[in-house]
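Participant: For reference, the chains in residue letters:
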Amino acid sequence: MMKLLRSAYVIGRRDFNATVLSKTFLFFLLGPLFPLLLGGAFGSIGAQVASRTETPVIAVVSSQADFDRIAAARERVAGALGEPAVSKLLRYDPERDLAAQQQRLLASTSPPIRAVLTGGLSAPHLVGSVEPKGPTSGQLDLILSAAREPAAEARLLPVTTVQQSSGSLVKDRALTAQIGQMLLFFLTILLSGMLLSQLIEEKSNKIIEVIAAAVPIDALFVGKLFAMLAASIVGIIVWISAGALLIQLVKTGGVQTLPPPAVGWPGFLILAILYFGMNYLLLGAVFLTIGAQASTVREVQTLSMPVTFAQVVIFGFAATAIGEPNAPKAIAAAIFPLSSPMVMLARAAEQPGWWPQVAALAWQALWVVLILRLGARMFRKTVLKSGPRTRRWFGRQKASA
Amino acid sequence: MLRQAQHNGIAVEAVDLVKDFDNTRAVDGVSLAVPAGSIYGLLGPNGAGKTTTLRMLLGIIDPSSGTRRVLGHEQPLDVAAEVGYLPEERGLYPSMHARDAIAFIGALRGLPLREGRRRADELLEQHGLGEWARKPIRNLSKGMAQTVQLLGTIVHRPRLIVLDEPFAGLDAINQGRLEELIRREARQGATIIFSTHVIAHAERLCERIAIIASGKVAFEGRVDEARGQLRPIVRLRTRAADGPWRSAIPGSARREGDEWVFELPAGGPEPLLKALIEGGAGIETLAIERPGLHDAFVAIAGRSAAAAMAAEEPVP
Chain A
1 MMKLLRSAYV IGRRDFNATV LSKTFLFFLL GPLFPLLLGG AFGSIGAQVA
51 SRTETPVIAV VSSQADFDRI AAARERVAGA LGEPAVSKLL RYDPERDLAA
101 QQQRLLASTS PPIRAVLTGG LSAPHLVGSV EPKGPTSGQL DLILSAAREP
151 AAEARLLPVT TVQQSSGSLV KDRALTAQIG QMLLFFLTIL LSGMLLSQLI
201 EEKSNKIIEV IAAAVPIDAL FVGKLFAMLA ASIVGIIVWI SAGALLIQLV
251 KTGGVQTLPP PAVGWPGFLI LAILYFGMNY LLLGAVFLTI GAQASTVREV
301 QTLSMPVTFA QVVIFGFAAT AIGEPNAPKA IAAAIFPLSS PMVMLARAAE
351 QPGWWPQVAA LAWQALWVVL ILRLGARMFR KTVLKSGPRT RRWFGRQKAS
401 A
Chain B
402 MLRQAQHNGI AVEAVDLVKD FDNTRAVDGV SLAVPAGSIY GLLGPNGAGK
452 TTTLRMLLGI IDPSSGTRRV LGHEQPLDVA AEVGYLPEER GLYPSMHARD
502 AIAFIGALRG LPLREGRRRA DELLEQHGLG EWARKPIRNL SKGMAQTVQL
552 LGTIVHRPRL IVLDEPFAGL DAINQGRLEE LIRREARQGA TIIFSTHVIA
602 HAERLCERIA IIASGKVAFE GRVDEARGQL RPIVRLRTRA ADGPWRSAIP
652 GSARREGDEW VFELPAGGPE PLLKALIEGG AGIETLAIER PGLHDAFVAI
702 AGRSAAAAMA AEEPVP
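Sequence order for the protein chains is A and B. Position 165, counted from 1, in the first sequence is what the working numbering calls 165; the numbers after and before it change by one each time, with no gaps. In the working numbering, each number is its position in the second sequence, counted from 1, plus 401.
Just so you know, nobody snuck in bad clues.
With a straight-line cut-off of 27 Å between C-alpha atoms, the simulated DSSO-like cross-links for lysine-lysine are:
hint: 1; chain 1: A; residue 1: Lys206; chain 2: B; residue 2: Lys543
hint: 2; chain 1: B; residue 1: Lys536; chain 2: A; residue 2: Lys206
hint: 3; chain 1: B; residue 1: Lys543; chain 2: A; residue 2: Lys203
hint: 4; chain 1: A; residue 1: Lys381; chain 2: A; residue 2: Lys206
To give a feel for the contact side, a few chain A residues facing chain B, derived at Cβ under 8 Å:
hint: 5; residue: Arg14
hint: 6; residue: Ile211
hint: 7; residue: Val215
Since the hints were derived computationally from the structure, they do not count as laboratory data. Ideal Cβ placement from N, Cα and C applies to all residues, glycine included.
Extracted from the complex, chain A is given alone in its bound form (with noise of 0.2 Å):
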């Protein structure tokens, strides 16, 4: 056992120099960057487009009095149901063909009037491609309403504000335990198809059959799973240390203001990173196995894709357990050794209680040893072609090649 220990330390100390002293590695750092940035610039992109096309543009024919009454009422409405959710509204000065104003108007491009409002307040009368019971209409039913009672400003509903309440915190944490589980899941992802390119390199530059020589295949397959996941905590560390950094330089009253997770922000993190050591070693061992199997990128690619698209299902699998995690599939999810990890955060973020986590982490801990030393026979006979002889599941024993 001891051999096997300090062999897979040399075998992990060189893949972790390796990966963390190398160019790649800061890309790897600087990776969530990307998809927040990608993310931020196509979604405000997104969000413009949607409002030029979406938010429908509503003609006001109408005395410019009326009009400073209808806006007003309006950006009431808006206040309360957000600003892209209310139409828009262009005042016209009444014509005295106001039929073929309104057709005019309704054929415009620039910009697009999904309706014309005439009448003023008066007597109102909307002509366009809206339903009478339709949203649109609804919404300047209300607005109407409100401007012909101006009174209405002065009679605001009185609000003390305090900072947390039991249904802004369920939301807060549902939402912290649907970011860690997405992180858990691309993480667990990235790093596996990394190790695979590891194997590869091996395999292809023959150091693997050097290794063998030397030490026990399964130090090997130990080695490299522990030097990637030693890597990777690396670079959890350096994440969550720049956030919170980030956070604290950016929001007012910093890192303290976040809302915490029901076993508070410390468990968490702690529990974040053995969650993703748990995760990562189930599936690591998945993929490493699947990679002795194969002999190039391609093959493995060819090789990975079912065990990543089951990958995706368990993911929403264990997706389903947040806002409900004692319901019986949450709990279902939560035994199932491959959505375990994912479950447990979740239920970290949104449940108080220590003990249904303890007994997480070593039921996890129970099919980390068996997988691996499952993962680590099939390497062993796979990627060298060699191991015991194996019994055949029917007729006679064959010798193993």
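Mind docking chain B on chain A? Use the hints.
Facilitator: Positioned in the frame of chain A, the structure of chain B alone reads:
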């Protein structure tokens, strides 16, 4: 200090090793015994089963049947710290520095990394690669990288050194250096096994050889024993084209140019000479040659195996 390998005088022993890959038998009952401290050659054409035999002896793959004993242990990995191995297909991490690559291979065999780096610097200096010690492997020439891997094979001062086709890909100068390195390691007490399909290397270096053909050991023993399997060759040139003297030469004699070439008859040279002289041959030249290892190989493994080896790489 000499690295002693004392296990009844045998460093490596294989008994009836068999290896099947799917439906193909790559090695078929190989038995051999390598004396401690000797230089031992495995000869045979590509595909004969040399590499598979070595991989089984090193524990990289397990035999389908048969037993092996390396430095007194049935599990070769139990003595991995005392074994060095240079595989046929060389491999190093391209981004690793030369000294780190040597130290890493040593560390795999249990040599502390710091000591490995120190020895790596020494070895690189000794082999004229001192200035490349801190350069990545990808910047080295193929020959240099091969030398680095060879130094990694011996950095932990193993008692058993296994080299699979170590001369392949090396130029004549580096082949000479490698031969010297092998002799030096043997002088220091290491047992060396190497496989080759170049008979000249084995003839110059080895005390014992195993000739492997089609997965089987066709011969195992001392080099002079292999040669001894053949009778000396007689090359005879006569003035007389024919005459009574013709009855003195065997029926299997063949003409090579203006010479007769045949095995020395069992009676030895004196009765032959007497019969030639009395038969009026008019001897112009008569040479009795000791057969080389190549001749022995042809006789043992067959002309087709010898031709296959010759086709793989010209003898330097």
